[in-house]
Amino acid sequence: MFDILSFLISWLPLFGIYAILSLCLNMEVGYAGMANFGLVAFYGIGAFVAGYTSITIFLTIYGYNYPIYSPEAIIAMGRVAGKTPWLNISVFILSLILAFLIAGLAGYLVSYPTLRVGPAFLGITILSFGEMLRVFMKHFAPTGGAYGMLGIPHPFAWIPDSAIKNTSFLILTLAILIGVLIYFELLANSPYGRVLKSIREDETASLCIGKPVPQIKARLLFVASGISGVAGALYAFYLGAVTPDMFITAVTFEVWSMVILGGRGNNFGALLGASVFSLLNRVTSILNFLFSDLPIDPNYFRWMITGALIVIILMYKPKGIIAEKPIKTEAWKIFGAYGETRRKLIAAILRIINYLKRAIYWLIGRETGYGPDIKGSKRE
Amino acid sequence: MTTELINTVWYACIYGLMAVPLTLSYRTSKVLNFAHGVYVTIGAYIPVLIAKGFGIKISPILAVSASFATGAIIAMASHTFVFSPLIKKKSTPVTLMIASMGLWIFIKYAFYAVLGTLQKAWMTPIFYTSPNLEIPRLISFMGMDIDAKLILIISLTAATFSLLAFFLTKTKVGMAIRAIADNPELAQITGISRDKTLLVTWAISGGVAAIGGFAWSLFAYVSPETGDNVILQVFACSVIGGLISLPITFVGSVIISSTENLLIVFLNRYLGVELSFRPFLSFFVLLLTILIRPPAGAGGGLPYRYRLRSIFRVFQREVKKNV
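These protein sequence lines are chains A and B, in that order. If you're matching positions, the first sequence starts at 34 in my numbering and goes up one per residue. If you're matching positions, the second sequence starts at 27 in my numbering and goes up one per residue.
Take the hints with a grain of salt, since some may be wrong.
Here are some, though not all, of the chain B residues that point toward chain A, as calculated from beta-carbon distances under 8 Å [claimed, not checked]:
#1 L58
#2 V120
#3 Y135
#4 A139
#5 L258
#6 F306
#7 F309
#8 I316
DEER-style ranges, computed between Cβ atoms [said to hold, decoys possible]:
#9 A:L134 to B:P162: 52 to 62 Å
#10 B:V345 to A:A283: 47 to 57 Å
#11 B:A246 to A:Y180: 22 to 32 Å
#12 B:S85 to A:I42: 55 to 65 Å
#13 A:L312 to B:L212: 46 to 56 Å
#14 B:R295 to A:Y141: 28 to 38 Å
#15 B:S85 to A:A283: 33 to 43 Å
To be clear, the hints were calculated from the coordinates, so they are not data collected in a lab. For every residue, glycine included, the Cβ atom is placed at its ideal position computed from N, Cα and C.
All chains, please: the whole structure from these sequences, using the hints.
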């Protein structure tokens, strides 16, 4: 029992973070048709911004003068982190907001040169942006270079019991996830969401109707990158450490595989994919921990499964597990939705009547003229 | 200064060998292949594996042909099993891109697993090595001692590109490839089989990329991340070529290698820019290319006007009014 609880505590925050990421990517790919291959850049920006701001604020308030990556600073952070609850919470909120703004701004700036050219160039440029940022951060001294930053203060570090501490962080993450999900559902079912779908289907046509396609895409990229930055900040607080090598390109592909598995253009599909792949992630890391002498590293197997799944789903089930559903417009709510339920209800009633009729005829011993049980009937 | 010049030449050759096949495969099959880096990695590893497996010194000719064959086989397999069925289903370019990405992840980590097993079986370090080549260290040429590997790389690049140019312009298969690249429907009407032509194209692009990997392994250590470490610059070279022109792609590789090796040194010496800004420079060149010379329509996009251009036009109009 305890094991299941601790497993849930270690899995669910990861699920929440990956679910936020895959919702953002689903907005960009499933709705607007933008091939964003550099999601990890904005995720990493959020994580680094959160780590840097929180450590800097703590060190300045408590009057330490160490550079933030030095061992003295890490020791000092460990001493100081649990002292003042209000400071922890407010620094947490402030760094989430900063992560949103800075990552969103980066997304907006990257969108300017890239959105006007085709999907191939967009993919190349954003992918290069992510890789370049990672290589740069590895050599950038003020954030600790390749070693990154350690000792990021947990928002609930002032709770002595670690189980309660982790559970409250988990609840916070899931609350943010639900907020993001509601926001994206509203966005997808608004007129703006319909414009996004029109852009995905035919860019030229929506340009001809008079929709400012680059602007709409840029705005979406701002929002989605900002929210992935928030996910990055949550990840930084979850782990308590940030290094550049956590944000390799393969992370982007993991999120992509979540979106493709669940179904593009469907927020709940993204949630399903995120739960499957984050579970896979946890299970392989537990396997790695338990059996350290396996002939082949289970992480390689996880990535191989990820890659193979992408290709197999694209070839045999390109719509994903949960296929795309019609947008809930006002007209659909009035006519489509209730009309559909009524039709389903009538069909069900008719089917029941049919079965009853057949049963009665079978009891009497009379031929019904339809159904699989009659051989040599008039139809043949 | 000599070191930087030699590095420039070396990187230009390597980027050329890697970027030109990328452009060729995109232009012919309209698949932006993210798995390109994997062909490079495998091409770099094959001579190492042969030399370690048999415990011999490998001759350059054998190494090049083995690399080419392996890269070609893997590229052909990826066409047959992934891209060809997807193209037959009329998938969008974005879908093809995602499929190539999945292929990248799959092959990369499968290769990691193979290497890990081999390392345990052979009991030798395999993740950071270089091939054991059968060539002299220095060659005296017109009274100067020149590094033999540099000469090998330059002659390899020259030979590969001249063969490629001859193949694409003079032979029938090469002309079929160009016809498919320009207008697939029209080419198919004249009786060219699209699938077979694409298979040949993939073989060539995978093989040449693998030769690029071998050229990389002559000067630097080989690791499973080799292809991914250079893929940014390779993409930048291909974007300079607009993903269409092979010669301009090579020019792009010269530009990128000189920015990376010469410009950063100048900036460091005279403006005090740190050497860690090196990746920014190639990214900056990439962005500048897209802004100045937008590859309209080539990547399947719309030729939207940039705001810079419209500002320039307004400025022109104002000048005309005033004059």
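Hint check results:
Restraint check, L58 of chain B versus chain A: the minimum CB separation of about 4 Å is within 8 Å; hint holds. Among the interface hints, the one on V120 of chain B holds; its C-beta lies about 5 Å from the nearest C-beta in chain A, closer than the 8 Å criterion. The interface hint given for Y135 of chain B holds, since its Cβ lies 4 Å from the closest Cβ of chain A, which is under the 8 Å cut-off. At a threshold of 8 Å, the smallest CB-CB gap from A139 of chain B to chain A is about 4 Å, leaving the interface hint in force.
Of the supplied interface hints, the one on L258 of chain B holds, with its beta-carbon coming within about 5 Å of a beta-carbon of chain A, less than 8 Å. Below 8 Å, beta-carbon pairs count as interface contacts, and F306 of chain B has one with chain A at about 6 Å; its hint therefore holds. Given hint, F309 of chain B at the interface with chain A, holds; its Cβ is 5 Å from that chain's nearest Cβ, closer than 8 Å. Look at I316 of chain B: its Cβ gets to within about 5 Å of chain A, closer than 8 Å, so that hint holds up.
Checked against the given bound of 52 to 62 Å, the beta carbons of L134 of chain A and P162 of chain B, roughly 60 Å apart, stay inside it. The supplied range of 47 to 57 Å is met by V345 of chain B and A283 of chain A, whose beta-carbon atoms lie about 52 Å from each other. The beta-carbon spacing between A246 of chain B and Y180 of chain A, approximately 24 Å, falls within the hinted interval of 22 to 32 Å. The beta-carbon spacing between S85 of chain B and I42 of chain A, approximately 59 Å, falls within the hinted interval of 55 to 65 Å.
Checked against the hint of 46 to 56 Å, the C-beta distance between L312 of chain A and L212 of chain B comes to roughly 50 Å, which is consistent with it. Distance hint check for R295 of chain B and Y141 of chain A: the Cβ-Cβ separation is about 35 Å, which falls inside the suggested range of 28 to 38 Å. Checked against the hint of 33 to 43 Å, the C-beta distance between S85 of chain B and A283 of chain A comes to roughly 36 Å, which is consistent with it.
When the structure is compared with the earlier hints, no violation turns up for any of them.
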